[in-house]
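Next come the chains, spelled out residue by residue.
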Amino acid sequence: MQTADLLPLVLVLAAVAYGFAYMRSRAVAAPLGGIRNLKALPVYYAARAALWCAIPALIILGAWAAFEGKVIQDMVMASLPPELAPQSEGRASLTLSQISNLAAGKLDPAMVPDGISGAAALLQELREQSSHFKTLLVVLIAVLGGTFAWTRVAPHINARKSVERTLQRLFFVCAAVAILTTIGIVFSVIFETVRFFGKVPMSEFLFGTSWSPQTALRADQIGSEGAFGIIPLFTGTLMISAIALLIAVPVGLLSAVYLSEYASRPVRAVVKPLLEMLAGVPTVVYGFFAALTVAPFIRDLALMLGLEASSQSALAAGLVMGIMIIPFVSSLSDDVINAVPRTLRDGSLALGATQSETMKNVIFPAALPGIMGGILLAASRAIGETMIVVMAAGLAANLTANPLDSVTTVTVQIVTLLTGDQEFDSAKTLAAFALGMMLFIVTLLLNVIALKVVRKYREQYD
Amino acid sequence: MTNPGSQAELVRRSLKRRYRKERRFRFYGITAIAIALFSLVILFTDIISKGYTGFIKTTVTLEVHLDGDLMYLNDATDPEQIAMADFQAPIIKALQGYFPQATSRADKREFSRMTGSYASNQVRDLLKENPDWLGSTRTIEFPAHDTVSVYVKHAGDPGYSIRLTEQQQRWTDELLRKGVIDTGFNDVFFTSGDSREPSNAGILGALIGSLLTMGITLVIAFPVGVAAAIYLEEFAPSNRLTDFIEVNINNLAAVPSIIFGLLGLAVFIGVFGMPRSVPVVGGLVLALMTLPTIIISSRAAIKSVPPSIREAAEGIGASKMQVVLHHVLPLAMPGMLTGSIIGMAQALGETAPLLLIGMVAFIVEIPDGFFSSATVLPVQIFIWAGSAEQGFVELASAGIMVLLAFLITMNAFAIWLRKRLERRW
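First to last, the protein sequences are chains A and B. For the first sequence, the positions run 1 to 462 when my numbering is used. For the second sequence, the positions run 1001 to 1425 when my numbering is used.
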C-alpha cells in the first residue's frame, strides 16, 4: 500500500483500538460497581489505546516514507553496470529520470540500453517490496501497540495521567518544529555553501565586481570560467531596496500620522482596510504590474524627457516594491505612535503647541527608535522580496548607480540559477545556495537588530 | 491694549505662520494617503482593464465536411491512418467556402492560421470518438488563432500589435459580419490546463494544484501551529529552551520566503528524495512558512481567554490538560481560525519558494493527486506573464482576478468569522 492509503488505515486502526479499549474498560468496571471505581474515565483508557496504536505506527510510517525514495534510488544506481554508471550528478539525475520513466511505462524499453531497463525492473521490484514491508510493519506495530494498551486496561492504572503526559509531549514536539525548521534552513544552505567555497574562493565571492555565472557545459568552451563576484548583486539589491524605502517610508509614515492624529473615525474605518489591502495583494501581482505597466511607462517617460532607460529599470521594480511595503511601514509606525503615552501628547497640547508641532517635536522623538526598527524590518522585507524583481528587474549584473539602468538582485539570481536546466553539481547551482546564505544572514541581522530596538523602546513606557 | 514687545504679542504674530505649517503638515498626510490609495486604484484598474478580455474567447464556427479523400483517411478506427491523416484540410476547405477566389498555396497557409494550432487535433479527436462521422458534414466550433483573437478583441489598442496580414484582416471582418467568428464567455479558461496556445489555455489545472497544495498546508500547519501555541502559552516552563523556541518563531516569521524554497529543495527533494513539482512538497514548504503566522495568532487568541475561565475549571477539579482542551481551546478557536485563514491566504499567493521546488514546469494535464506534477495559481500567472504570445497577458490578468477573488473571499470569511464568533470579555 502507498503512504497516502496507509495513513487513513492507521487512523481506522486507532479508532478500532479506541472502541475496544472503551468497551473493555466498561466491562472491567461493571463487576466493581460502575466506572467510578476506575482510576480514570473510560474515554482515557480508550484514548490511551488509540495513542499507543497510532503514534509508533505513524513514526515508522513517516520515517519509512521519508527515506524510502532515497534508499531505493541509491540501490538502483548501485546496480547499474559500470559502463553505464554516470560520471557526474547531472548525468545521474538524467539516468534516474530515464529509469523511473521506463518503470512508469512512459518510455519505450527499446529506446534505452539493457542495463537501464534492468535497473527499471529492479526499481519496480524494490518499490513493490518496500511497499509490502512498509504495510506489514506499520499494521503490525499498530495492532501490537493497540493490543498492548488494551491489555493494560485495569482499574488501578491511571490512564488519564499517561494520556495527558503524551499529549503534552506531542505539543512540545510541535513547538520544536520551529527549531527544526531553522536548523533545516541553516544546514541546507551551509553544506552547499561550503562546497561552493571549495570551487570559488570566498574572497572572490565577497569582493569580486563581476557576476556572470554562465559556466559552460563543456570544459573546453570559451568562457567556461564563470565569475562569481557578489558586489554588483549587492549594489543592485541595495539600489532597488533604497528606491522602495524612499517611497514607502515617507508615504507610510505620513499616512500613519494622519490616520492616528487627524482622520475622523469613519475616514479611518474606510482608509485603514484599504491600505491593508495593499499588503494582501500577492507579490506576483505586483510583479506583473511592475513588468507590464510601470516599466514600459517609465521607459516611455524617460524617452520623452530625452533619457535613455532600460525596459527593466531598477526604478520600476523599486517603485512597485515601495507601494508594496507602504502598508507594512504604516501599520508598524501606527503601533509605535499609539504606544507613546497619552500624557506626553496632552502635555504638549496643553502648552499651546499645534498638533503638527506636538507630532514633530514630542511624539516623533519619543517614537523614533520604534520607527527606526520598523524601517529596518521594511528594509529586510525589501531585500528578501523576490517576485517583483524576478519579473521586473533584469538579469544582467550591472555595476551602476543610474536607476534607469537595469540591475539584478540576489533573489533574482537565486531563482534564475535554480530554475533553468543545469547540472546540479555545478558552481552555478551551488552559488545559489551561497547567495541564499548571504540573504539569510543579512535579513536575520536586520530583524534581530530591529526587534531589539523596538523592544528596548517599548520597555521605556511600560 | 497689548504691548507690542510682549511675549503674547510675539506668539500672536507667529500664529499665522504656525497655522500655515499645521495646514501644510496635514496636507502632507492627505497626500501620502492619496498616493497609497491612488496606487491601489491604478493597480486594480490596470489588472481589470488588461484582464477582462481574458474571460472572452474568440471562436470560429464552421460547417466542416469530413471528407475522407481530403484527409487521406478511409477508416477512422485505424490508428496508423489517424497518425498520418491531414485534419487541417477540411478546415481550410470550409473556410475557403466563404472566400472561393482565394485558392493559392499562400492563401491556404493564411487560412490555416485563422483557427488555433490545435484545431486539427480537435478534428482528429472528434473522429477518433465518432468514426462514423467520416464523410458527413458537422458544425464544429474552433478556438480562433491567437492573432485573430487579438485582432478581434484589441484592434486599435496601442498596447497590442496586430500580426494578421491585410487579407486575413479582411477575412476576419467578413467572417465576423457573417457570425462565423464570434466572441463568447471563455469557458475554456475554467475547464482546461495550461497550453502553448493562449486560446486553449485554462486555469483549472493551476486551481486544482493550488487546492491540493493548500490542503497539505492546512492539514500540517493548522494542527501543528495550534499545538505549538498551546504548549508555549500553557505548558512551557520558562527556561532557555522555551526562549530559544520563541526567538526561532519570531525570526522565522521574518525570513524571506525564497529561503524556504531553498530549504525545500535541499531537504525535501535533496535529502528525502521526494519528487519535484508535486503538491506534497509545495504544501510542506508553505506549511513551514505559514507556521509562525499561525502560532503567533493562536497564541494571541489563547491569551485573550480570561483567567477566570481557567480558574473556575481548575476550581472544580479539572486537570491542566482538561482546562486547556475543554475550555480554553474552544473559546480561543475562532481567533485561531481567523489567524489561520489569513495565513493560508498568504500561502495561496506565495510564488517564490514554489519556483525553486520546480512547480514552475509546463504542465498540461489536470493534476489528479498529491504526487502528480502540478503548478499553482500564482506560478501559473508568473508563467503566463512571461510568455511571448500576446494572448497570455490577458490570461495572466484574468488569472490574477481569479486569485484575488479567492483571497478576498478568504479574508472576508475570516473577518466575518471574527465578528460572528469572537467574544468580548
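Just so you know, not all the hints are guaranteed correct.
[Unchecked claim] Listed next, the in silico BS3-like pairs over lysine-lysine satisfying Cα-Cα at most 25 Å (straight line):
| hint | chain 1 | residue 1 | chain 2 | residue 2 |
| --- | --- | --- | --- | --- |
| 1 | A | K70 | A | K106 |
| 2 | A | K39 | B | K1021 |
| 3 | B | K1093 | A | K272 |
| 4 | A | K360 | B | K1021 |
| 5 | A | K106 | B | K1108 |
| 6 | B | K1303 | A | K456 |
| 7 | B | K1093 | B | K1108 |
| 8 | B | K1303 | B | K1419 |
| 9 | A | K161 | A | K39 |
| 10 | A | K456 | A | K360 |
| 11 | B | K1016 | A | K360 |
| 12 | B | K1128 | B | K1153 |
| 13 | B | K1178 | B | K1153 |
| 14 | B | K1303 | A | K452 |
| 15 | A | K70 | A | K161 |
| 16 | B | K1178 | B | K1108 |
| 17 | B | K1303 | B | K1320 |
| 18 | A | K161 | B | K1153 |
| 19 | B | K1153 | B | K1108 |
| 20 | B | K1178 | B | K1093 |
| 21 | A | K272 | A | K360 |
[Unchecked claim] From the derived model, a few chain B residues whose C-beta atoms are all more than 12 Å from chain A:
| hint | residue |
| --- | --- |
| 22 | S1049 |
| 23 | Y1098 |
| 24 | N1248 |
| 25 | P1306 |
Hints are computed from structural coordinates only; laboratory data are not their basis. Note that the Cβ used here is the ideal one computed from N, Cα and C, for glycine as well.
| query | Looking at the structure, which of the earlier hints fail to hold? | reply | Violated hints: 2, 3, 5, 12, 15, 18, 22 and 24; rest satisfied.
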